[in-house]
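For chain Y, the structure is supplied; the task is to place chain V on it using the hints.
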Amino acid sequence: MVVGQTYPIEFVEITNPTTRPAAEFNSESRRLNALLFGRVEDVDYRKGSDAAARELYFCVTGQAWGGNRNANNDRTMYGRVYRLVLDANNPLEGTLEVIFDGDDTNGPAREFMNVDNICVTENYVYIQEDANRYRPNSGELTGVSTVFDAQRQNHDLRIYQWRIGSPTSTLSVFMEITPPRDGGALQRKYIAPINPDGRTNNWFVGSDGRLAIGDWEYGAMIDVSNETGRPGTFLVCVQSHTWRQGGQIPGRDFRNPDRGTLPAAQGPTNLGEGSYVLILTNVPR
Amino acid sequence: MRHVVKSVTILCISFAPFIGCKQQAPETSQELAELAVKPLFIKNLSEFEHSLAVLDSLIAQAKEDSSHAKALQEAFKHARLAYKRMEFLLEYYAPSTSEAMNGPALEEVGEEYKIEPPTGFQVLEELLFPEVDFSSREAMLAQVRIMRSLCKRFDGLVIKKPLTDNRILDAMRLEIARVITLGITGFDSPVALYSIHEAKAALEGLAEAFAPYTKALEEKNPAHARQLDTLFSKAIAYLATHAHRFDDFNRLEFIVDFANPLSRALFDAQLALGIPILQTERAFRTTAKTLFDRDALDPLVYTPNYQDSLNPKQVELGHLLFFEPLLSINGKRSCASCHQPEKAFTDGLPRALTLTGNDKILRNTPTIINSAYQASSSYDQKTVYLEDRVRFVVHSPHEMNHSLDSVAKILAQSEDYRMRFKEAFGSENALTAEHIASAISSYMRSLSSFNSRFDEYMRGDKTKMNAQEQRGFNLFAGKAKCATCHFIPLFNGTVPPTFQETEAEVIGVPKEAKWKQAEIDPDIGKMAINGIELNKYMFKTPTLRNIELTAPYMHNGVYKTLDEVMRFYNMGGGKGIGIDLANQTLPPDTLGLTQAEIQDIIAFMKTLTDTTGLTQRPRSLPKFSNDVLNSRMAVSKY
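Respectively, the protein sequence lines represent chains Y and V.
Numbering-wise (our numbering), the first sequence opens with residue 1 and increments by one.
Numbering-wise (our numbering), the second sequence opens with residue 1 and increments by one.
Isolated chain Y (complex conformation) (with noise of 0.2 Å):
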């Protein structure tokens, strides 16, 4: 799909899907010429009217070349913006559209690490970075030139705003998440030398002993103007994938802190990992 072009699609039915096991839904994906995107993570409308909210954004994060599911590189790397607008009288038809193509190297978008969650206003869009452990890959062995760009990849992790509407040039960056690199006390509190598990945490950090670049990500951006009563008040969550310490056990960190009392939402639970969440005030709406 090319940048800027709109594709007419349709939603086509999969029949009994309570009965169903996950596995089904892929074949049943395949078996329908479902389109595949490289991971979608997150959905958001846009506020405002009815008509408005017809209008979805949604970003695909993107997978690593080579060695797993986009080896063909048919789907995206860096990531990508989508904007889906529904027919007014079918919601099962609309268009659909790249907005920002992260793989795009003279696009608005070459910065894109891995688009991943994404937060629609009225008039803006929100699109939040993740940490990827790209590698540049070997020529020598794949036997193709690498698509991995380190220059493109030397950021912390960002969000990005877009005013609707606008050219996509305008494209700017909204935040940028930097943890502490001075090695004093915040950058001992939030990069853990140890894992918990008692090996060191290398990977974390870099060869120079400082943490990487673009190792924390945002888990979502919410907008919580209607609940405080100020208008331009949005939650912000950063998983500092680094902060092992401060748990409430000592010696123990973050690990398992319900110790095996709550359902395991997704993966095992002691992640092990502390995150914080950000209170923003003045964005624009």
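Just so you know, the hints here were simulated from the structure itself, not pulled from any lab data.
Where a beta carbon is used, it is the ideal one built from N, C-alpha and C, also for glycine.
Heads up, none of these hints are tricks.
Cross-link-like lysine to any residue pairs, in silico, SDA-like; alpha carbons within 25 Å at most:
#1 V:K289 <-> Y:A23
#2 V:K38 <-> Y:T18
#3 V:K38 <-> Y:A23
#4 V:K479 <-> V:P104
#5 V:K38 <-> Y:N16
#6 V:K43 <-> Y:T18
#7 V:K152 <-> Y:E273
#8 V:K160 <-> Y:A22
#9 V:K152 <-> Y:A23
#10 V:K422 <-> Y:D74
#11 V:K479 <-> V:P130
#12 V:K160 <-> Y:T18
#13 V:K152 <-> Y:G274
#14 V:K332 <-> V:S631
#15 V:K313 <-> Y:L32
#16 V:K289 <-> V:S233
#17 V:K160 <-> Y:N16
#18 V:K511 <-> V:R351
#19 V:K63 <-> V:E126
#20 V:K160 <-> Y:A23
#21 V:K152 <-> Y:A22
#22 V:K575 <-> V:D247
#23 V:K409 <-> Y:D74
Calculated from the model, a selection of chain V residues having no Cβ within reach of chain Y, i.e. all distances over 10 Å:
#24 A36
#25 R418
#26 N630
The following block gives chain V in isolation, referenced to the frame of chain Y:
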């Protein structure tokens, strides 16, 4: 407007954007699956949760002495049996949670290259067996509590889900395949080796869940109902009688005489009951009666796009392209130069020469027979689809040093090729880079066969393997642990019975065939692709089918004979010959195989030879009007 927004949100949560799902009333409220199987599951789940609670408090309170150690081990085994009773349902409806509950005790590299620690039974097992490690009490507790919390997921994934008869019966046949491939081989009980007891519990779980169907079957076909009853009780009795000795368990006899007949009878019972066979695209076809049916496995699930069958015109075209030297920049090498049909599509070399002949390429040439049945290809798993594999080989400076786009332009000079592409792909101007890769991949997928002597034995022809070969299989799938990586029936790393993942291992292959103070081969394998230390020296598990024809062995061709290969494994891989890798995934212990046992295993592996009907070369290649191109070497030379 709000309802529109809601329906789209549902779509995205189901991970199927652009696929609508109209909510329909479950058509299943009257099915036995809901009325009888689900209540049974709820009861079994609560017993399992209770067994974990018992284990939890025992771990927390156990004194550090042998009687408490014994009690801990028994409580663990008890929980295992409770789990196995409902494994068929959990694996079917909650595969990720099952993996967290009972996956291998090895760290894995996840989607974003995050290292994911293992959880569940097998982590706990390593702390409890062979001796209880009381110093790890906290770690044990953490695992039990993770498992207890995982149980809560089954509420949404199974209990709230409307169960259907066709899926319950499908899940039962999958479980029989799981018992055969991952159960009795010791795959998921690697230290305690409690596998045969657990297989018995799994079958008891099936027998219990099938009981409501037996009643229905009695009304339609009493003889069939009695036959199933007998098959269940005989299989369970066989496991009970032979449960005490893991090494000596006669796996062949169990599979051929008990497990396969049971699987067939379940399939026939489903038809007799008028319960439709589930229609879904899956590697282990829902229409297969057993895992060893000739057409049990569908190679087309591993394609980039949905296809319901191989297109014979594309296969035929791919066959020509496979032997086409114009795929290489100097016009002197075709795919078949290294993948020679007579050697099961290998070349007999440790490593093939580069295109210029000045050097060797990185790794040993693998067979391509049954290469379709893999979730990733190449030793370092850098590609998922065969189509990409073709592209890599053509583009590799050392192999073909060409590009598919350029090849397409050259081939387009031939009227014959243009016509063949048009016929195969049904459009004008079909001669494209993508279609070249598609056609060759289709040909590779057509090189699929399950007609070895082993396969025929598994289908019931007991004349096909002699006593030594039979002993060899039982060792292969038991004491020698081969089948815990080279999984039955593909004998590659694609994990049954879902066949969705293809595994890679670190085994410590040496640079030279030395038996002590050996040096690791410097090729870092998967790590060269993803940069992850955990994957250093890691390579995809290759198939053992046709191994008799594919010497020399290992990714670097270091071993000339199967005797050498077996010697390496018997010593515990790299660890046993002086290569000390922190991340070796192969258990480093000696297997304790005698010379006679090694010969038995080798004899068994030779029953996997099966190239009949796969090795034809094309009679001639398509013509060009250009004399230079037309005078390219005859196909027999490549």
